[in-house]
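Enquirer: What follows is the residue order along each chain.
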Amino acid sequence: MNRSFLTRYIWLSIAAALTTIILKTGAWYMTGSVGLLSDALESIINLLAALMAMAMLRIAILPPDKNHEFGHGKAEYFSSFVEGLLIMFAAACIAYTAVERFLNPQPLEKLGIGLFVSVIATIINFIVAGILLSAGKKYRSITLEADSHHLMTDVWTSVAVIGGVGAVGLTGWLKLDSIVAFAVAMNILRTAYKIIRRSVEGLMDASLSPQEQETIESVLSGYRKQGIQFHALLTRQGASRRFVSVHVLVPGNFSVHDAHHIAENIEKDIRNALRDTVVFTHIEPVEDEISLDDIPLDR
Amino acid sequence: MSLDHSAVHEKKRVALFSVMAAVFLTGSKLLIGLLTGSLGILSEALHSCLDLVAAIITYFSVRISDKPADSDHHFGHGKVENLSALMETFLLLITSVWIIHEAAHRLMTGNVKIEVTVWSYIVVISSIAVDFSRSRALMKAAKIHNSQALEADAIHFSTDIWSSSVVLLGLVCSNFGFYYADPVAALFVALIVIYVCFILGKKAVDVLLDGAPADYVEVVEKIAENVRGLTSVHDIKARMAGADVFLEVCVHLNPSSTLEEAHRISHEFEKLIHEKISRCRVHIHQEPEECIPDPEKTEGLL
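Residue numbers (the numbering used here), protein chains in the order written: chain S, 1 to 299; chain R, 1 to 302.
Treat the hints with caution; some may be incorrect.
Only pairs whose alpha carbons sit at most 20 Å apart, straight line, appear in this in silico EDC-like list of lysine to aspartate or glutamate [unchecked claim]: (1) S:Lys66 to R:Glu102; (2) R:Lys67 to S:Glu201; (3) R:Lys222 to R:Glu275; (4) R:Lys276 to R:Asp215; (5) S:Lys268 to R:Asp235; (6) S:Lys137 to S:Asp276; (7) S:Lys225 to S:Glu214; (8) R:Lys222 to R:Glu268; (9) R:Lys271 to R:Glu260; (10) S:Lys66 to R:Glu268; (11) S:Lys66 to R:Asp215; (12) R:Lys202 to S:Glu217; (13) R:Lys202 to S:Glu69; (14) S:Lys66 to R:Glu221; (15) S:Lys268 to S:Glu217; (16) S:Lys137 to S:Glu212; (17) S:Lys268 to S:Asp258; (18) R:Lys202 to R:Glu218; (19) R:Lys203 to R:Glu221; (20) S:Lys268 to S:Glu214; (21) S:Lys66 to R:Asp235; (22) S:Lys194 to R:Asp72; (23) R:Lys271 to S:Asp288; (24) R:Lys203 to R:Glu260; (25) R:Lys203 to S:Asp65; (26) S:Lys138 to S:Glu212; (27) R:Lys143 to R:Asp235; (28) R:Lys271 to R:Asp206; (29) R:Lys140 to R:Glu218; (30) R:Lys203 to S:Glu69; (31) R:Lys276 to R:Glu218; (32) S:Lys137 to S:Asp65.
Derived by calculation from the structure, the hints in this document are not laboratory data. Nothing here was measured: the structure is a model prediction, and the numbers come from that model.
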């Protein structure tokens, strides 16, 4: 499948980051609020993250070559890993500020035009994050998903600011602001952990999910009824591709031609049941007892 | 599973010794730094602390990498070694940026004078000695067991020899009044470290991306020539995870021969490959010779 269209979503993310930077810098210029300036600087990190996602996605869509016989899909994990780290860093910054404010409560600064700009930027980020997330899920691109979560971090931060101001306004308790911010930071941290974990697992050749393995198993069980046996099923996730290899046991008096034909059918059925799957089979005679030996990884 | 347990044990032992060496260096620099109040030695302690983090990462990755395959990782845990090497690269990059910052700061403010005491010499010379012995031991173990995590740690320790030597040079020059030698030499070392990072990082990223190890395709093709009954081989795919090699090969056989025959030939082929390439796992897909490649088969990869 040609995935080059996925870069269009990253262009969207870049556009969102640029718009946010311009909005916030403009608001800073009008009000002179330092808070807005630091917000604008934070958005530059979004821009850099989006550019990195673009670079990695461009690598990931390259076809397999002599140096990468299994394709370049895993490049996606690098960008999601770094996005995870950036999200974690953002969470740490928010938590730090929250704790500091909790210890030395300060009167809230007047938001005014700043609030207006933040709401607009938040809405833009929220919409783009939604589009990226659904595309990421649909086309199984962890790069897009991670970039979406990164944008959502900004949305959550703004929600915390506005929610904190609202909560303080309602109750008059200044410390509530930092408690809200801390809770948001913890939630962002959880997202970061999940993304980093998924990226590391992908780079570690984690096997397919139990549901996906069940799908493969159901294809194989159809063949089991015809007297064909299987063993040594190995699966791994390579970003958007799934890799499956399995040993197929057929009667030993079959010719190579017939046995190969069966193996090709099995491969085709697995590919049809799970898209973007690369299947590799090895045929063995069912009568030979050494066929059934699962080969250990190291020998 | 007939993995050599003494090998695993030795890798762990070497990694653990490095952790202890780093603890010793960090602790003693911190102690002397606090006692003498020397900022230079305190900043050396901070640097050693980074080495300690690197050594700990290496230790854990060596522990994990030889765990057998499980239901979540059908292909074993070897890649953790390459991840650990990538982390080391980041830590080294941080170190070099920090060195550049320090050197630039000193050059620009003109505040190049550094305090020299007997303790400065003792700390620097002893850390060079420790770093030298650790990097030698780690590199040796890395070569024997083909371990990228240990190799990265060895490289990390050897860059420390360079940076400590610069500090030593700076101390000696300061004794003679050449204060500018230290920051200038530090800048050179930082550049060397960045270069090393590039090489180390590229190697780790290559394996993490399932890059093909250079020469295995030719080795397998050559072995195939000596197997009777194999008419041809194609689509040889190779990738690595830590010290493990994974190979996929399509072989062509006489279409009318029985599967028993095909199986025997495949096993012989596999055995020959195992003799040539250590720690490798071979997966052979047998096809009849007249078979025209199915265009759909490669679809998943295109």
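Enquirer: Hints first: check each against the structure and report whether it holds.
Expert: Verification of the hints:
Our distance criterion of 20 Å between C-alpha atoms is broken by Lys66 of chain S and Glu102 of chain R, whose separation comes to about 43 Å. The straight-line distance between the Cα atoms of Lys67 of chain R and Glu201 of chain S is roughly 15 Å, inside the 20 Å bound, and the hint therefore holds. At most 20 Å may separate the alpha-carbon atoms for a hinted pair to count; Lys222 of chain R and Glu275 of chain R meet this at roughly 13 Å. Taking the CA atoms of Lys276 of chain R and Asp215 of chain R, the gap is near 12 Å; set against the 20 Å cutoff, the hint holds.
For the given pair, Lys268 of chain S sits about 18 Å from Asp235 of chain R by alpha-carbon distance, which is consistent with the 20 Å threshold. A threshold of 20 Å between alpha carbons decides the hint, and for Lys137 of chain S with Asp276 of chain S the separation of about 14 Å falls inside it, so the pair holds. For a cut-off of 20 Å, the pair hint linking Lys225 of chain S to Glu214 of chain S stands: about 17 Å separates their Cα positions. At most 20 Å may separate the alpha-carbon atoms for a hinted pair to count; Lys222 of chain R and Glu268 of chain R meet this at roughly 14 Å.
The hinted pair formed by Lys271 of chain R and Glu260 of chain R meets the criterion: a straight-line CA distance of about 16 Å does not exceed 20 Å. Taking the CA atoms of Lys66 of chain S and Glu268 of chain R, the gap is near 27 Å; set against the 20 Å cutoff, the hint is violated. At most 20 Å may separate the alpha-carbon atoms for a hinted pair to count; Lys66 of chain S and Asp215 of chain R meet this at roughly 11 Å. The straight-line distance between the Cα atoms of Lys202 of chain R and Glu217 of chain S is roughly 38 Å, outside the 20 Å bound, and the hint therefore fails.
Our distance criterion of 20 Å between C-alpha atoms is met by Lys202 of chain R and Glu69 of chain S, whose separation comes to about 17 Å. A distance of roughly 15 Å separates the Cα atoms of Lys66 of chain S and Glu221 of chain R; the hinted pair therefore holds under the 20 Å criterion. Our distance criterion of 20 Å between C-alpha atoms is met by Lys268 of chain S and Glu217 of chain S, whose separation comes to about 14 Å. Between Lys137 of chain S and Glu212 of chain S the CA atoms are separated by roughly 15 Å; this keeps the pair inside 20 Å, and the hint holds.
Using a Cα cut-off of 20 Å, the hinted pair Lys268 of chain S and Asp258 of chain S holds, with the two alpha carbons roughly 15 Å apart. Restraint check for Lys202 of chain R and Glu218 of chain R: not satisfied, since their Cα atoms lie roughly 23 Å apart, outside the 20 Å limit. For the given pair, Lys203 of chain R sits about 25 Å from Glu221 of chain R by alpha-carbon distance, which is inconsistent with the 20 Å threshold. As the CA atoms of Lys268 of chain S and Glu214 of chain S are separated by approximately 17 Å, the hinted pair is consistent with the 20 Å bound.
Distance restraint check for Lys66 of chain S and Asp235 of chain R: the Cα-Cα separation of roughly 11 Å lies within the 20 Å cut-off, and the hinted pair is therefore satisfied. Distance restraint check for Lys194 of chain S and Asp72 of chain R: the Cα-Cα separation of roughly 16 Å lies within the 20 Å cut-off, and the hinted pair is therefore satisfied. Simply put, Lys271 of chain R and Asp288 of chain S have alpha-carbon atoms about 17 Å apart, close enough for the 20 Å limit, and the pair holds. Under the criterion of a C-alpha separation no larger than 20 Å, the hint pairing Lys203 of chain R with Glu260 of chain R is inconsistent with the structure, at around 42 Å.
This hinted pair checks out: Lys203 of chain R and Asp65 of chain S have alpha carbons roughly 17 Å apart, not beyond 20 Å. Our distance criterion of 20 Å between C-alpha atoms is met by Lys138 of chain S and Glu212 of chain S, whose separation comes to about 16 Å. Of the supplied pair hints, the one linking Lys143 of chain R and Asp235 of chain R is violated, its CA atoms being roughly 30 Å apart against a limit of 20 Å. Proposed proximity of Lys271 of chain R and Asp206 of chain R is contradicted: the alpha carbons are some 28 Å apart, above 20 Å.
Our distance criterion of 20 Å between C-alpha atoms is broken by Lys140 of chain R and Glu218 of chain R, whose separation comes to about 28 Å. Between Lys203 of chain R and Glu69 of chain S the CA atoms are separated by roughly 16 Å; this keeps the pair inside 20 Å, and the hint holds. Between the alpha carbons of Lys276 of chain R and Glu218 of chain R the distance comes to roughly 12 Å, so the proposed pair stays at or under 20 Å and holds. Between the alpha carbons of Lys137 of chain S and Asp65 of chain S the distance comes to roughly 27 Å, so the proposed pair goes past 20 Å and is violated.
Violated hints for the displayed structure, listed by number in ascending order: 1, 10, 12, 18, 19, 24, 27, 28, 29, 32.
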